[in-house]
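Please build the complete structure, drawing on both the sequences and the hints.
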Amino acid sequence: RKEVEQDPGPFNVPEGATVAFNCTYSNSASQSFFWYRQDCRKEPKLLMSVYSSGNEDGRFTAQLNRASQYISLLIRDSKLSDSATYLCVVNGASGSARQLTFGSGTQLTVLP
Amino acid sequence: DAEITQSPRHKITETGRQVTLACHQTWNHNNMFWYRQDLGHGLRLIHYSYGVQDTNKGEVSDGYSVSRSNTEDLPLTLESAASSQTSVYFCASSVGPSPQYEQFFGPGTRLTVL
Numbered sequence: 001r002k003e004v005e006q007d008p009g010p011f012n013v014p015e016g017a018t019v020a021f022n023c024t025y026s027n028s029a030s031q032s033f034f035w036y037r038q039d040c041r042k043e044p045k046l047l048m049s050v051y052s053s054g055n056e057d058g059r060f061t062a063q064l065n066r067a068s069q070y071i072s073l074l075i076r077d078s079k080l081s082d083s084a085t086y087l088c089v090v091n092g093a094s095g096s097a098r099q100l101t102f103g104s105g106t107q108l109t110v111l112p
Numbered sequence: 001d002a003e004i005t006q007s008p009r010h011k012i013t014e015t016g017r018q019v020t021l022a023c024h025q026t027w028n029h030n031n032m033f034w035y036r037q038d039l040g041h042g043l044r045l046i047h048y049s050y051g052v053q054d055t056n057k058g059e060v061s062d063g064y065s066v067s068r069s070n071t072e073d074l075p076l077t078l079e080s081a082a083s084s085q086t087s088v089y090f091c092a093s094s095v096g097p098s099p100q101y102e103q104f105f106g107p108g109t110r111l112t113v114l
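Top line first, the protein sequences correspond to chains U and E. Residue numbers for the first sequence follow our numbering, so the first one is 1 and each next one is one higher. Residue numbers for the second sequence follow our numbering, so the first one is 1 and each next one is one higher.
Keep in mind that the hints were calculated from the coordinates and are not lab data. Hints should not be assumed to be uniformly reliable.
Only part of the chain U face toward chain E is listed, based on derived beta-carbon distances under 8 Å [said to hold, decoys possible]:
no., residue
1, Ser32
2, Pro44
3, Leu47
4, Leu87
5, Asn91
6, Gln99
7, Phe102
The structure presented is a predicted model; accordingly, all values stated were derived computationally and were not measured. The beta-carbon is built from N, C-alpha and C at its ideal position, and this holds for glycine as well.
Okay, structure coming up:
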């Protein structure tokens, strides 16, 4: 089992749609969770951290389910500019609490 | 503006050659990281450093080395390049110790080993 696992997609959705991505992680001791965004042939950039109580940033909502060891990202009212690959990132998955493990990413394309 | 840069942006080399990829950041961050990104694997940690003279091995360190002689730079050396090291390499830095602090990534170096 991969340490951090994501559905690679691609997810193709129309503008204005709501889309959700899930990510599962293997180490129950993991404490820090993030979603990064990576545009085609560009560097990853932090989208948002994921907190235990769930958190929202505009059209983006992140949630954590520790019991089932998964995190989710919900994007409402999708925009063309949301087209990117979304990387799930977890600490401790590879054994060291200080190291981050990146999922392979979920590709999203928002269609006009 | 403070930034993190990588050079070269693209490199083609031959099997067996030594290659050094540069990473330079102007944020005065103590923590610096090198990752490689391959299809189907996501980003994998190669080496990292928490300060000058500190270096540590990551998940996929075989065939790579780093040195940290100052705060701004963490060069990555491939001692004897192999075709399996063809990849996109990202350098990153953070103001504080992982994992709580955001990592800022450089633009990447696309390396091809023939």
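We went through each hint and held it up to the structure:
1. Hint status for Ser32 of chain U relative to chain E: holds, with the closest Cβ pair at about 4 Å, below 8 Å.
2. Restraint check, Pro44 of chain U versus chain E: the minimum CB separation of about 5 Å is within 8 Å; hint holds.
3. Because the beta carbon of Leu47 of chain U sits about 10 Å from the nearest beta carbon in chain E, more than 8 Å, this interface hint is broken.
4. Interface restraint check: Leu87 of chain U against chain E, minimum CB-CB distance 7 Å, threshold 8 Å, status holds.
5. A distance limit of 8 Å between C-beta atoms decides the matter here; for Asn91 of chain U the minimum to chain E is near 3 Å, and the interface restraint holds.
6. Look at Gln99 of chain U: its Cβ gets to within about 6 Å of chain E, closer than 8 Å, so that hint holds up.
7. For Phe102 of chain U, the interface hint holds, since its Cβ comes within 8 Å of a Cβ in chain E; the closest pair sits about 4 Å apart.
Checked against the numbered hints listed earlier, the structure breaks hint 3 alone; every other hint is satisfied.
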